[in-house]
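The chain contents come next:
Protein chains: 2
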Amino acid sequence: MSREGDATHEGGPATPDAVRHAPGYLARRLYQAYTAAWARWVDPVLTGPQYAVLVTVDEHPQLDQGSLAHTVALDRSTMADVCRRLEERGLIERTQAPADGRRKLLELTDEGREALVRVRRRVCALEDELMAEHEDTARIIAALDALARRWETVAEGRPA
Amino acid sequence: MSREGDATHEGGPATPDAVRHAPGYLARRLYQAYTAAWARWVDPVLTGPQYAVLVTVDEHPQLDQGSLAHTVALDRSTMADVCRRLEERGLIERTQAPADGRRKLLELTDEGREALVRVRRRVCALEDELMAEHEDTARIIAALDALARRWETVAEGRPA
Numbered sequence: 074m075s076r077e078g079d080a081t082h083e084g085g086p087a088t089p090d091a092v093r094h095a096p097g098y099l100a101r102r103l104y105q106a107y108t109a110a111w112a113r114w115v116d117p118v119l120t121g122p123q124y125a126v127l128v129t130v131d132e133h134p135q136l137d138q139g140s141l142a143h144t145v146a147l148d149r150s151t152m153a154d155v156c157r158r159l160e161e162r163g164l165i166e167r168t169q170a171p172a173d174g175r176r177k178l179l180e181l182t183d184e185g186r187e188a189l190v191r192v193r194r195r196v197c198a199l200e201d202e203l204m205a206e207h208e209d210t211a212r213i214i215a216a217l218d219a220l221a222r223r224w225e226t227v228a229e230g231r232p233a
Numbered sequence: 074m075s076r077e078g079d080a081t082h083e084g085g086p087a088t089p090d091a092v093r094h095a096p097g098y099l100a101r102r103l104y105q106a107y108t109a110a111w112a113r114w115v116d117p118v119l120t121g122p123q124y125a126v127l128v129t130v131d132e133h134p135q136l137d138q139g140s141l142a143h144t145v146a147l148d149r150s151t152m153a154d155v156c157r158r159l160e161e162r163g164l165i166e167r168t169q170a171p172a173d174g175r176r177k178l179l180e181l182t183d184e185g186r187e188a189l190v191r192v193r194r195r196v197c198a199l200e201d202e203l204m205a206e207h208e209d210t211a212r213i214i215a216a217l218d219a220l221a222r223r224w225e226t227v228a229e230g231r232p233a
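Chains as they are written, first to last, in the working numbering: chain A, 74 to 233; chain B, 74 to 233.
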C-alpha cells in the first residue's frame, strides 16, 4: 500500500500504522466524513437516518416502527428518537395500530412527501460526488455491503 | 450486484434500493457494527477512539492535544472529551506546556501502558475476525482509505 500522503494530518505527526490501517478507524473516518458532507450538501437538520426513514415509509406506508427499525438498520431506541423528530417537524404521522395499541404505524404527511422530493435531488448529487473517483461504483458498494454484513455477524458473535 | 439475502432484515420489509445501495447507509452500518463488535470483543468501556489516542501517545510522547486530534482524525471537542476520560481513569497524564499554558501535553501512565498491552491483543483478534473473509485485506483497507480521503475532501467542499 502506498504511504504517500496518507501518513500525516495537518498539524499532527504521522498516524501510527496500527491506527491508520485499522478497519474501525477507516469506518469512523468514512462515517464522520459522510455526516459532515451530508450536513453541507444535503441538509443540516434532516439527517441521513431520517432520510432513510422517509424513503422507506414512502415505499411501505402503514409500516410499524419496529419493522422499520430492522429495515433501515437502526436500533429501536434510535428509531423511536428519529420518528419523534420527524413527527414534531410534521413530516410523518404516527397512528396506533387498531389491533395492537403499542404498535405505531407510520405514514408520510404531504409536507413529508415534499421534503423527500426536495432532498432526494441533493442526496443524488452528494452520492455522485462521493463516488466520483471510483470507476466501478457498483463494485465498491458491493464490497462495502459484504463487509458490513460480515461485521454485523462478528458483532453478534463472541470471542473464542 | 447480487440481491440475494441483502434486501430484507429480520422482521422488516426489504430495504429500498435507494437506501441499501447508498454509500452513507453502508458507512453507518460499518461504523455501527464495528462499535458493537468492539464493545463485545475488546472492551465495553475503552472505546476505539480512546485506544487510537493511547497508541498515538505511546508512539509520540509529549504530544499536544491539538496535534493529536489531527493525527487520529477527531475534532477538537471530541478529542478533549476523550482525553478527559482517559485522564480520569488514570491512563494518561496531561501537563501544561512550559512555553504555552494553553497547550496540553500528553503522556501515558504506567497503567495506560499496561492497558494498551492488554487491549492490543484483543484489538488484533477483532481485526482478524472482521477481515477474515477477505482474501486481500491490504486491498480493501487501501480502498477504504482512498474512499475516506475522497469523502473528507467532499465534506470540506461545497455543492456547485
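These are computed hints drawn from the structure, not numbers from a lab.
In this text, a Cβ means the ideal position worked out from N, Cα and C, and glycines have one as well.
It is possible that part of the hints are untrue.
Said to hold, decoys possible - Residues of chain B clear of chain A, computed beta-carbon distances all greater than 12 Å:
hint, residue
1, 169
2, 187
3, 218
Unchecked claim - Okay, the calculated beta carbon distance ranges per label pair:
hint, chain 1, residue 1, chain 2, residue 2, range
4, B, 187, A, 134, 52 to 62 Å
5, B, 174, A, 84, 15 to 25 Å
6, A, 229, B, 132, 43 to 53 Å
7, A, 118, B, 162, 33 to 43 Å
8, B, 215, A, 151, 41 to 51 Å
Outcome of the hint check:
At roughly 19 Å, the least C-beta separation between residue 169 of chain B and chain A is larger than 12 Å, which holds for a residue marked as non-interface. Consistency note on residue 187 of chain B: stated as away from chain A, and its beta-carbon is indeed over 12 Å from all of that chain's, at 17 Å minimum. Distance check for residue 218 of chain B against chain A: the nearest CB is about 6 Å away, which does not clear 12 Å, and the non-interface claim fails. Between residue 187 of chain B and residue 134 of chain A the CB atoms are about 56 Å apart, so this pair conforms to the stated range of 52 to 62 Å.
Look at residue 174 of chain B against residue 84 of chain A: about 19 Å separates their beta carbons, and that is inside 15 to 25 Å. Range check, residue 229 of chain A to residue 132 of chain B: Cβ separation about 33 Å, and the 43 to 53 Å hint is violated. At about 36 Å, the CB distance of residue 118 of chain A to residue 162 of chain B agrees with the hint of 33 to 43 Å. For residue 215 of chain B and residue 151 of chain A, the hinted distance range of 41 to 51 Å is not satisfied, since their beta carbons lie about 32 Å from each other.
Comparing the model with each numbered hint stated earlier shows that hints 3, 6 and 8 do not hold.
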